[in-house]
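Colleague: Quick mapping for you: the protein sequence lines, in order, are chains A, B and C. Numbering (this note's numbering) for the first sequence: 319 to 756. Numbering (this note's numbering) for the second sequence: 464 to 751. Numbering (this note's numbering) for the third sequence: 750 to 1025.
Source of the hints: derived by calculation from the structure; they are not laboratory data. Heads up, a few of these hints could be off.
[As the list claims (entries may be wrong)] Straight-line alpha carbon distances no greater than 25 Å define the calculated DSS-like cross-link-like pairs of lysine-lysine that follow:
#: 1; chain 1: A; residue 1: K374; chain 2: A; residue 2: K632
#: 2; chain 1: B; residue 1: K470; chain 2: C; residue 2: K852
#: 3; chain 1: C; residue 1: K931; chain 2: A; residue 2: K632
#: 4; chain 1: B; residue 1: K603; chain 2: C; residue 2: K855
#: 5; chain 1: A; residue 1: K576; chain 2: B; residue 2: K470
#: 6; chain 1: C; residue 1: K759; chain 2: C; residue 2: K852
#: 7; chain 1: B; residue 1: K470; chain 2: C; residue 2: K881
#: 8; chain 1: C; residue 1: K759; chain 2: A; residue 2: K374
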Amino acid sequence: MNTKQILRGTTVGLGLMVGLASAAMAEEITIATVNNGDMVRMQSLAPQWEQATGNKINWVVLEENVLRQNVTTDISTGGGQYDVMTIGTYEAPIWGANDWLVSLNDGMAEDWDADDLLPAIRGGLTVDGTLYAAPFYGESSMVMYRTDLMEKAGLEMPEAPTWQFIREAAAAMTDRDNDINGICARGKAGWGENMAFLSAMANSFGARWFDMDWNAQFDSPEWKETLTFYLDMMNESGPAGAANNGFNENLTLFQQGKCGMWIDATVAASFVTNPADSTVADKVGFALAPDTGLGKRGNWLWAWSLAIPASSEKVDVAKDFISWATGKGYTELVAENEGWANVPPGTRTSLYENQAYLDAAPFAEMTLKSINSADPQNPSVQEVPYTGIQFVAIPEFAGIATQVGQLFSDALAGNRSADEALNAAQELTTEEMEAAGY
Amino acid sequence: MATEHSKSSARIMIAPAVFVLLVWMLVPLCMTLYFSFADYRPLRATFDAWIGFDNYVSFLTSSSFLSSVVTTLQMVAGILVITIGGGVMLALLLDQPMFGQGIVRILVIGPFFVMPTVSALVWKNMFFNVDNGLFSYLFKFFGAQPYDFLSQAPLLSIIVIVAWQWLPFATLILLTAVQSLSSEQIEAAEMDGASPLSRFWHIILPHLSRAITVVILIQTIFLLSIFAEIFVTTNGAFGTRTLTYLVYQRVLESQNIGLGSAGGIIAVILANIVAIFLMRIVGKNLDN
Amino acid sequence: MARAITPRKKIMWTALAWGIGLLIFFPIMWTFLTSFKSEATAISDPPVWFIFDWTTENYSAVLARSNYPLALTNSIVIAVGSTLLGILIAVPAAWAMAFVPGKRTKDVLLWMLSTKMLPAVGVLYPLVLIAKYFGVMDSRILLVVILMLINLPIIVWMLYTYFREIPGEILEAARMDGASLKNEIIYVLTPMAVPGIASTILLNIILAWNEAFWTILLTTVNAAPLTKFIASFSAPEGLFYAKLSAASIMAIAPILIMGWFSQKQLVRGLTFGAVK
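Same shape as in the complex, but just chain A (with noise of 0.2 Å):
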């Protein structure tokens, strides 16, 4: 043997040894995520990835707004702390626009398929081409109600209704000696919350939150018809304590059997429609969601999504893991454990060609429709310059609208009226947009 040949065979031997212990190393990554039903279901199923691969999680599971003081802090930073984050729809393309966040489109798994993800919720997620985040569950909002209070009211509900059905449909449920109200909506102050509700709802009211050169419109009549219907609707027909209602507490009102309407999230309609939780399971019904006759719904979209900050040190177990999560492998792994009724919903187009979870999911069909319908590029009747429907896709929008948020929570709460607050919206959000530079 030479040298040549001794130097060659220590070359490949050391270059075998390394290649297995890249292998056989097991990888700690870090993923923070919301304290959702999805999510948390998802922590519980992790560990079959980690004994797949040999990798293993760290779970930093926190309440959404401690989770968004902890994730902004560290992304703006450059922090590195997480190697997996759940974002929504709005961060994804702000911080994808940053470079704080790794392209998806190359070093997923190969079955991940992106070209199965719903054309409405990728384009969300996407900046320029790039994919900035993996959807995990996506969702719309709609009409979901109790089929026997409709009935009992002697009213049908149609499959699109209007606002102001929605609106003599619950005055017409509303039963206050025996704690139900006709409608549930959010009124917890925050952009994630009423905001939501209301910029969706605004929309189809024909209001929008800028006009072409970003003048705040809060003093519009379409604003003004919005945020009034809303509030008469709530007093009327509202529960007690409805300007400290977000997602959670309506949802858990919902299950109690404490409102005949209850207009939120499509990713709802599973969680009343499971026995284990809910006490009016087998009698809600869904719609999409209303409209005024001016061509627009107010439906939004939205899309908990897992993305991995380029501050990150192991991206690539990083892919692997997101692709293992919000693959149709995990689809499976859910529908086999929990029920096909149970699977994280709204992200790709294969769901909704299984025959077996349209037959376990009565809402299957509505939560498409609603997905599909929203146009976060088109999102108002009138023509805007910004993309977003319960939102607007501008990094100040957060700060402006959770302060908006409160003043509609206050005016909910009857502490001012419907013009202060918009009068105060609007001067907020002016002053705001001038120091932003806009």
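Chains B and C: place on chain A using the hints.
Modeller: Showing chains B and C alone in chain A's frame:
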């Protein structure tokens, strides 16, 4: 008497504490000061190191600034009134002869051990919640309409939560003071035929004044920076946005670090004005 | 001289004090009861008190979903560590201020207290950037140091007021006997100051245990204490009162029990110079 030698060793002994606090105060504070003159908005990838006093001007002139200062003062004052009023009464009560005094004292100091997030969550969900809260059941039991505390009386609700947490602290300090009151004094007054009210007013209260100032000072320092209770219950809605919370909104929700830093500096200045004012009183009280 | 106390009066005071004590304690009691209910029972109308199917399922659910032992360890390490470090720095300072007061002593003391006025969120970004620079994000040592700094003024203040109550003559006598400064502190002062130091330690462990801003924002996994553990259980989808209660009890029980056992020590020194 203190010698030169002991004076210099005294200085050496104070030095570490002064040094770490100086570093703690100066390093972050200087950075905040630096940011407060910058246009620093990470979401826009903007960093412009010098924009003069723009941030200060917009923070001070924004419609939310003054109201947040007023809210802060109302909140702190409300909590102080409840904890001191309640604390004095509880201290006097605990000083009375009774069975199981130790257990009662354990019950009373319980809330002090509960972390702010937990107490805010428990109060918000299990007491104030209009649909499933205990207060609603209580109201219904007496035939009244359930009351939505957090939107109808938001400031009061938060005051109640925080006061509940701080009442034990005030009670304990005041109790020690009450117990140090000599019984001869009280008995003498009793002999003179002074009514319980006038005994309280002329003997007990003056005796407690020093303890009360201490409670005010310590609590104010903590109360000016209340955050978790607001964050959990109202998120700053319904007029519960304190100065601290406003700064939080600017920094984390709007991601305008420059503006938030200017707000932070303003908050430090205002807090120190309050502190100087307080310390004048306390300092005087400590001298005698 | 003993005052005449009629049994009737004593019973009256007992009833009143117990009533108020139970009222103040009630929220904790209610959380405890709720933590053993099923989610449906937790919101039943009318509320149920003691007679229901007691279950520990909420505790197992909470344990299954989170790393409670790690959070508990972190809480203990951070609270105890920051307090002891603080004591180490504060004892000499407070000693010097109490026994060798200079012209500026009072100013220094008040200045120290004023550092507590710094609104945390205002310095959040600077601090995160510094921590990142030193690579100590999400480490226990970072939180030990920060919580020590936050509580140091309180520690110094408490010890100072306590030391001042120790009669100076004793120290003089020790000095006459030729005790060195070090020996004076260790053998004369410390034994006398034990109750005060104990009370200071206890109070600051409580304060550090309950700190809920820095402990949430500067940690992710490795150093995340119970304050962050709680954030996983607030307001999730669906019914959550029972699980939230269980998590709450798990977060406060250790400190509550410590507090009860040591309440005599805690109370004895908790005067802040309020009593002369």
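Colleague: For each hint, tell me whether it holds in the structure or not.
Modeller: Hint-by-hint comparison with the structure:
Under the criterion of a C-alpha separation no larger than 25 Å, the hint pairing A/K374 with A/K632 is consistent with the structure, at around 12 Å. Only pairs whose Cα atoms come within 25 Å are accepted, and B/K470 paired with C/K852 is accepted, the gap being roughly 11 Å. A hinted pair counts as satisfied when its Cα atoms are at most 25 Å apart, and C/K931 with A/K632 does not qualify at roughly 53 Å. With a CA separation close to 55 Å, the supplied pair B/K603 and C/K855 exceeds the 25 Å bound.
The hinted pair formed by A/K576 and B/K470 fails the criterion: a straight-line CA distance of about 73 Å is larger than 25 Å. Restraint check for C/K759 and C/K852: the C-alpha separation of about 51 Å exceeds 25 Å, so the hint is violated. In summary, the hint linking B/K470 to C/K881 is not supported, as the alpha carbons are separated by about 40 Å, beyond the 25 Å threshold. Restraint check for C/K759 and A/K374: not satisfied, since their Cα atoms lie roughly 63 Å apart, outside the 25 Å limit.
Hint compliance for this structure: hints 3, 4, 5, 6, 7 and 8 are broken, all remaining hints hold.
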